[in-house]
Amino acid sequence: MKLKYQFVIREVAGQHVAVAVGQDNGSFNGMVKLNATGAYLMGLLNRRQYSREELVEALLAKYDVDRERAVSTLDAFLNTLRQGELLSE
Amino acid sequence: MPRYQIADFIIDFQNRFPYLEKMCAKYLYEGDAETDYVISVTDEDLQEERRMAEHPCTDGYLETICAYRKLCNVIPRRRAFVLHSSVIEWQGQGIAFFARSGVGKTTHTKNWLKAFYPHVKIVNGDKPLVRFYGEQPFVYGTPWAGKEGANRNVKVPLTDLCLIQRGEKNEVSPLSKQEALELLMVQILLPKDPLGLSNTLDMLEGLLDRCRLWRIRCTPEEESAIIARQTMFGE
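If you're matching them up, the sequences are chains P and L in order.
When you line the first sequence up against the numbering used here, it's residues -17 to 71, in that order.
When you line the second sequence up against the numbering used here, it's residues 597 to 831, in that order.
Check the hints yourself; a few may be wrong.
[As the list claims (entries may be wrong)] Cross-link-like lysine-lysine pairs, in silico, DSS-like; alpha carbons within 27 Å at most:
#1 P:Lys(-14) / L:Lys788
#2 L:Lys773 / L:Lys743
#3 L:Lys765 / L:Lys751
#4 P:Lys(-16) / P:Lys44
#5 L:Lys710 / L:Lys666
#6 L:Lys666 / L:Lys622
#7 P:Lys15 / L:Lys751
#8 L:Lys618 / L:Lys765
#9 L:Lys618 / L:Lys773
#10 L:Lys765 / L:Lys710
#11 L:Lys622 / L:Lys773
#12 L:Lys788 / L:Lys706
#13 L:Lys717 / P:Lys15
#14 L:Lys666 / P:Lys(-14)
#15 P:Lys(-16) / L:Lys710
These aren't lab readings, by the way, just hints derived from the structure by calculation.
Predicted, not measured: the structure shown is a model, and the values here were computed from it.
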């Protein structure tokens, strides 16, 4: 899976945000708010295509969590992206 | 072609309709500094702008809107951006009021202008430019100033950002950075290029760090400005 757009991912005023690059601004809705884990995952996906399993492994490598927790965190994050129509699978 | 100085950028609008010159007359530049931006609007741009317009408009008017959109897309690379807000100057400080459309930022602005005449002056009633010099944001009047067109060709430090909301009575309270961030994100134009976009986010953070942030709940009466100023400046 990969992101449909290129994003700029930043922390602004303590809030992680991702903003799509090159989108038409008429709609003003290009900002995604993220927690730290979401920002980490978004950063990975912003660089290249990943499989779900690779992302689970990446979470396990970075955070002290068990697989079950990593999977549920990832799925929640991916669902948010799907709802925003930001993911192509 | 005449050139214009807007937010201290020297701009050559290669306009085809006279409306732009009339609108920008106060900003005419007659010096010999180099041009920072050449902005031209094509027939395709005009058609696209017409498609997005809510009402029928003349070509001359559409050209000005389109030219400004183009300008606002390129200036973030040089640390400037358009902030959809109404800005006044008081004691050399710039105070920006922003709100969802139709809430009454124009009414609240007018209340300040009336209540503190002649000490409060308009900077721009709708689409001023903010430009950073080092860490300090400044706000500039521009010819693009909304329906009523109130603007002055001035530059003042931007010190206060105020969210305007309708209220039963007048109250002013501090606004958190997180709340302000979300509200301001929809009042700016995010450029399409990555550098401009990245700079815009930097500048947004700079605004949140540098400016005092307020929530003004207000009625449409003039008293709202008096109460707001008392709370914000203790006078």
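Violated hints, by number in ascending order, as checked against the structure: 2, 3, 5, 7, 8, 9, 11, 12, 13, 15
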